[in-house]
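2 protein chains.
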Amino acid sequence: MAAYLDYQSSKPVDPRVIDAMVPYLTTSFGNPSSLHTTGEEAREALEESRETIAGFINADAKDIIFTSGATEANNLALIGFALRNKDKGNHIVTTETEHISIHNIAKYLAKAGFTVTKIPVDEFGKVSVDDLAGSITDETILVSVGYASNEIGTVQAIAEIGETCREKEIAFHSDAVAAGGLLPMDVERDNLSLVSLSSNDIYGPKGLGVLYRKKGVKLIPQVIGGGQEFGLRSGTENIAGIVGMAEAVRIMRQEMAGEVERFKSIRDQLIENILGKIPRSYLNGHPTERLPNNAHFRFDGVEGESLLLTLNARGVMGSTGSACSSKTLEPSHTLLSLGLTHEQAHGSLELTCGRFNKQGDVDTVLEVLPGILERLRKLSPLYDGD
Amino acid sequence: MAAYLDYQSSKPVDPRVIDAMVPYLTTSFGNPSSLHTTGEEAREALEESRETIAGFINADAKDIIFTSGATEANNLALIGFALRNKDKGNHIVTTETEHISIHNIAKYLAKAGFTVTKIPVDEFGKVSVDDLAGSITDETILVSVGYASNEIGTVQAIAEIGETCREKEIAFHSDAVAAGGLLPMDVERDNLSLVSLSSNDIYGPKGLGVLYRKKGVKLIPQVIGGGQEFGLRSGTENIAGIVGMAEAVRIMRQEMAGEVERFKSIRDQLIENILGKIPRSYLNGHPTERLPNNAHFRFDGVEGESLLLTLNARGVMGSTGSACSSKTLEPSHTLLSLGLTHEQAHGSLELTCGRFNKQGDVDTVLEVLPGILERLRKLSPLYDGD
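The listed protein sequences derive, respectively, from chains Z and A. In case it helps, the working numbering puts the first sequence at residues 1 to 386. In case it helps, the working numbering puts the second sequence at residues 1 to 386.
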């Protein structure tokens, strides 16, 4: 078995989640709007799942809107909020290290007449809360800061940013996908108005996400139709997927604490051994305030794509950064925002562990990586020796 | 076992489809943008599935855009097309019997400055191709006509409407959800520019649909992000769902012809027996040009909701019409467009059969329905005798 260390890009669905989903595919498959028994079963499952998922982030069930995934949740949060509240101001604050969907939505809103400020990050990928507070003007209606980076794993000071937004009475959105199931979340503690979550990031099925929308926060729907999800997201509900996400939450509640300790141990073994054994290797992201499962490296004189393909041939699956833009040749905007050069950014390797990793996976990485790097560096015109 | 005759509202997923999906949930679960083996497996599955689904409607694979369902496909088709092509004209033609999502999208476009003409239908729910052709002006950019009604089952003259659109060089969209797996489709024959399809309507999983978009037809994306689906629909691809929809298509190709004959037999037994045995009962929709699985009745002096609930208590699950608006008290816009009064529209019952119905289900309906109607009519102040 190959060592899969790319949990940030995609996760397997937990077999217990599949077991929970199957009855809603085969027997209780009704449309929750239907006035009969299978419709009623679907309706009950929908509302029970909504409760379960709400509880996971200390929210009310009626503030949970099911979407087709985190990207759609980000669209509804930012575009839906900005267009609905444009009479209150036209300024949006976000950061330089957001997921590509946030950046592309921000571009869209800039074309639609909004002003978007992207707060820079320090060399570890942290946003300064003071910088953020200083960027807020009378026109600011929304602050959007990712809970943690999906690439370098740096965790932001969400509660402090939430406090700033509370004082200034500005709505606060967080794309919390990368932190799902890794950091405990609490929308009250963090004063969050809007939160995007993904089902797959907690070992639920793909094609499903959630937007938490605090009571009173007004949005314009982005998918128009039969008026499902409190009129905010139309389309027949994906009940089996929703039940799967709720089951993923139930499992996470029981196992998260122990799991996170195990991830930290794997992460720290990777970081210590790789930085210790491989010359001119560096950690990207924050040394301590980082996701428990994220180890993100750069290696001088190595090209990330060749490294990935060679690692894959030796049974290790990793990432150069965000899978959402892996197929482009552009270096990651997150890595550039740390102040890295294009060459440095291209020499990156992200290893993220998850529920089904074993100690053997760590051993495999530590066994094959040094030799591969040595060989690639020998072939590289960019590398001038240790 | 209860008799489920509400296949139009929701379908179970075929167990063979679930079997095809499981490996993409548990082992080949990679992100198709990832540069490693499980990513590659996902990427191959995505493109193979795209080919399979394209073949089902005689389309090219690169014209298939995966969405989260038919409602989202309708949004991308109509809003995406109208906003992208508004320099060519501001007039859109549709009909009075479209799915609620089309009507609500049309309302949205009307607010955005477009003029929408809704062509009326005759007493059987058919659109006149001459009326439609006559409504086209120099400003018309798009015609949207559902392949068949999801409520009364009436099938429209799609090839003729396509011919009209070809002559006038106007884009032609069809919401083909209700006809999926029931009528053979061919985007070339019908000159379709845009077609919305749903996975669940061919016994695939919910939360997945397709927009066919003919080469050269320009759209503005409605979900912004990482640029998946040719830049037209962002978000990590739901590979297991997509593989499931492709498997549903493979099964459909082998079984559709035989299945449709079986549905017609069930439909015709229901229609003949119910109209024959129950006084003051009528068929809604076209007597012959109707979906092979659709029997849609109205009964004088009966209230549809009470009828449904009583039927359900006796083991028969049906619908009053569109599940998408079952929870509202408004009578169906489709039934009103036939010229029915509110009372007539409220006394409706839709029975739609599907893959897992047995002869026993028909027998159950015919056994319990006459008695229930008799009892309800006795209680009804609206009914004045046979």
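It is possible that part of the hints are untrue.
Restricting the straight-line Cα-Cα distance to at most 27 Å, the calculated cross-link-like pairs of lysine-lysine (DSS-like) are [claimed, not checked]:
1) A/277 x Z/126
2) Z/218 x A/107
3) Z/111 x A/86
4) A/168 x A/88
5) Z/111 x A/168
6) Z/111 x A/378
7) A/168 x Z/107
8) Z/88 x A/107
9) A/111 x Z/86
10) A/118 x Z/86
11) Z/118 x Z/107
12) Z/264 x Z/118
13) Z/214 x A/218
Keep in mind the hints are simulated off the structure, nothing from the lab.
Status of the hints after comparison with the structure:
no., hint, verdict
1, A/277 x Z/126, "violated (75 Å)"
2, Z/218 x A/107, "holds (20 Å)"
3, Z/111 x A/86, "holds (17 Å)"
4, A/168 x A/88, "holds (13 Å)"
5, Z/111 x A/168, "violated (34 Å)"
6, Z/111 x A/378, "violated (64 Å)"
7, A/168 x Z/107, "violated (37 Å)"
8, Z/88 x A/107, "holds (26 Å)"
9, A/111 x Z/86, "holds (17 Å)"
10, A/118 x Z/86, "violated (32 Å)"
11, Z/118 x Z/107, "holds (11 Å)"
12, Z/264 x Z/118, "violated (31 Å)"
13, Z/214 x A/218, "violated (36 Å)"
Violation of the numbered hints given earlier is confined to hints 1, 5, 6, 7, 10, 12 and 13; the remaining hints are satisfied by the structure.
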